[in-house]
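Enquirer: Position in the sequence shown (from 1) plus 11 gives the number in the numbering used here.
Keep in mind that a hint or two might mislead.
Stated by the list, open to error - Label pairs and their in silico Cβ distance ranges:
id, residue 1, residue 2, range
1, Ser173, Arg117, 27 to 33 Å
2, Gly97, Gln71, 15 to 21 Å
3, Lys96, Phe58, 41 to 47 Å
4, Arg186, Val35, 52 to 58 Å
Worth flagging that the hints you see were computed from the coordinates, not collected in a lab. Backbone N, C-alpha and C fix where the C-beta goes; we use that ideal spot for every residue, glycine too.
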Amino acid sequence: DFMLHLSNSSYAVALDESRCKWHVNKLGLVMRNDMEFVRPLIASTHFAFFIEIPMLADYQVEVRPVSWDNKWVYLMATFTTDPPKGSTTRILNCISITRTVNKIGRRTVQPAKLFAACGFGIDETNWNQICKLREEGKSKGSKLSKSQEWLIDINEFDGLNSFEVQRLENLEIIRKALDGNSLNGVELLKTL
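Work out the full structure: start from the sequences and follow the hints.
Expert: Below is the structure:
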């Protein structure tokens, strides 16, 4: 822009591309039409700007899930530029939190089940379970496959319990940052 740095609207464009790549690379299997046909939907995106990105500077956008609840997945994106001379630590220019929901038709997919269906977890138990359901196909008279039915089933799922403590800690930080406690919350986001 006329201030000779990356325009704030450009962050959203770069984030869209990075978020799309993350979804395809990490959740692409369940998004396929011949699998579960899960569709990620963005509910909100929040930006916290720290240091401007100079015009024509190289920067990186890294996207990763930092927490989830029964409905929402919280993705954090960090915008960083090269470290100054003599340092190895990249400069944090901006943090973005995106709240997404995943749907099969109009039905919500629990985030923990979604991650399990994509192979996340400490062992192969969840992956083996979803593969078995995929092989079973559709129930008689049902429009949904067994794996789709499992994903939208509202019963509790404990397949990612090993991440539960960290998930809850991160969720508390995100809620502080997004619910008006912006100064302390944004500083806490840097710790994620």
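Enquirer: Now look at each hint and say whether the structure bears it out.
Expert: Hint check:
The hinted range of 27 to 33 Å is satisfied by serine 173 and arginine 117, whose Cβ atoms lie roughly 31 Å apart. The hinted range of 15 to 21 Å is satisfied by glycine 97 and glutamine 71, whose Cβ atoms lie roughly 20 Å apart. For the hinted restraint 41 to 47 Å between lysine 96 and phenylalanine 58, the CB-CB distance of approximately 28 Å leaves it violated. Between arginine 186 and valine 35 the C-beta distance comes to about 28 Å, which lies outside the given range of 52 to 58 Å.
In the structure shown, a violation is registered for the earlier hints numbered 3 and 4, in ascending order.
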